[in-house]
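Given the sequences, and given the hints that come with them, work out the whole structure.
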Amino acid sequence: MSASEAALTAALATVIDPHTGQPYAIPRQLKNLRVGADGAVSFGIELGYPARSQFGVVRDALAAAAKSVQGVSSVAVEVSSKVVAHQVQRGVALLPGVANVIAVSSGKGGVGKSTTAVNLALALSAEGARVGLLDADIYGPSLPLMMGILDGRPESEDGKTMKPLENHGVKVMSIGFLVDPEQAVVWRGPMATQALDQLLRQTTWGELDYLVIDMP
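Residue numbering for the sequence shown follows our numbering, beginning at 1 and increasing consecutively.
Take these hints with a grain of salt, some might be off.
As the list claims (entries may be wrong) - Just the calculated beta-carbon pair ranges, DEER-fashion:
no.	residue 1	residue 2	range
1	His-168	Ala-103	15 to 23 Å
2	Ile-26	Gly-110	24 to 32 Å
3	Pro-96	His-168	51 to 59 Å
4	Ala-126	Met-215	17 to 25 Å
5	Asp-38	Gly-112	54 to 62 Å
6	Gly-56	Val-92	31 to 39 Å
Claimed, not checked - Once the Cα atoms are required to be at most 27 Å apart in a straight line, the calculated DSS-like pairs of lysine-lysine come out as:
no.	residue 1	residue 2
7	Lys-163	Lys-82
8	Lys-113	Lys-163
9	Lys-67	Lys-31
10	Lys-31	Lys-113
Read the hints as simulated data drawn from the structure, not as lab findings. All C-beta atoms in this analysis are idealised placements derived from N, C-alpha and C, irrespective of residue type, glycine included.
The following block contains the structure:
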């Protein structure tokens, strides 16, 4: 006698995601559940956040739960992730292709905003997310040095938009790529604001799960 889908679903519901407090196998994440006449079970789990380093742990836990069901002879589990976009306020203009924006900010300077932004971007990328990193500090850009892109300069194929530079799997844009590092930037507020807006909106980020912004 082969296992029923209802029994399998109930067993899988006992495996809880510690990050969300919900079962991994909620309906929108459980994909292609199949039960063969010989008891062979296969299904996929699509997480809503980047967690590549945890795929093995999640797969083993779900496989063990499925094997506990009477009639199951074998289990094949495929774990993947698809980052979902968080809701934003009405009227907020979204960046095309960018699912989520994370701004790293502080009311005080010298507390490690850039270090935090870089480490966050690298950590998200390591977990399988598509990540962009924007240096919003017009007067003291530090991301070219921190990301190891000192000699790069963005290219433009149409004369209107710029391609971000990339290192360690992260797309990076900074005013530091466009000005002489030995020359001080003495732009007034409106000019600096316009420059930042251009870096944000005239960069061809492509499809990103996260855009991390290192605020001034």
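Evaluation of the provided hints:
Look at His-168 against Ala-103: about 21 Å separates their beta carbons, and that is inside 15 to 23 Å. A hinted range of 24 to 32 Å is violated for the C-beta pair Ile-26 and Gly-110, which are about 43 Å apart. Checked against the hint of 51 to 59 Å, the pair Pro-96 and His-168 fails, with Cβ atoms roughly 24 Å apart. Taken as a hint, the range 17 to 25 Å holds for the pair Ala-126 and Met-215, whose Cβ atoms sit roughly 23 Å apart.
Taking 54 to 62 Å as the suggested C-beta distance range, the pair Asp-38 and Gly-112 conforms, at roughly 57 Å. As the Cβ distance of Gly-56 to Val-92 is approximately 38 Å, the hint placing it in 31 to 39 Å holds. With a CA separation close to 24 Å, the supplied pair Lys-163 and Lys-82 stays within the 27 Å bound. Distance restraint check for Lys-113 and Lys-163: the Cα-Cα separation of roughly 24 Å lies within the 27 Å cut-off, and the hinted pair is therefore satisfied.
In summary, the hint linking Lys-67 to Lys-31 is supported, as the alpha carbons are separated by about 18 Å, within the 27 Å threshold. Taking the CA atoms of Lys-31 and Lys-113, the gap is near 39 Å; set against the 27 Å cutoff, the hint is violated.
Violation of the numbered hints given earlier is confined to hints 2, 3, 10; the remaining hints are satisfied by the structure.
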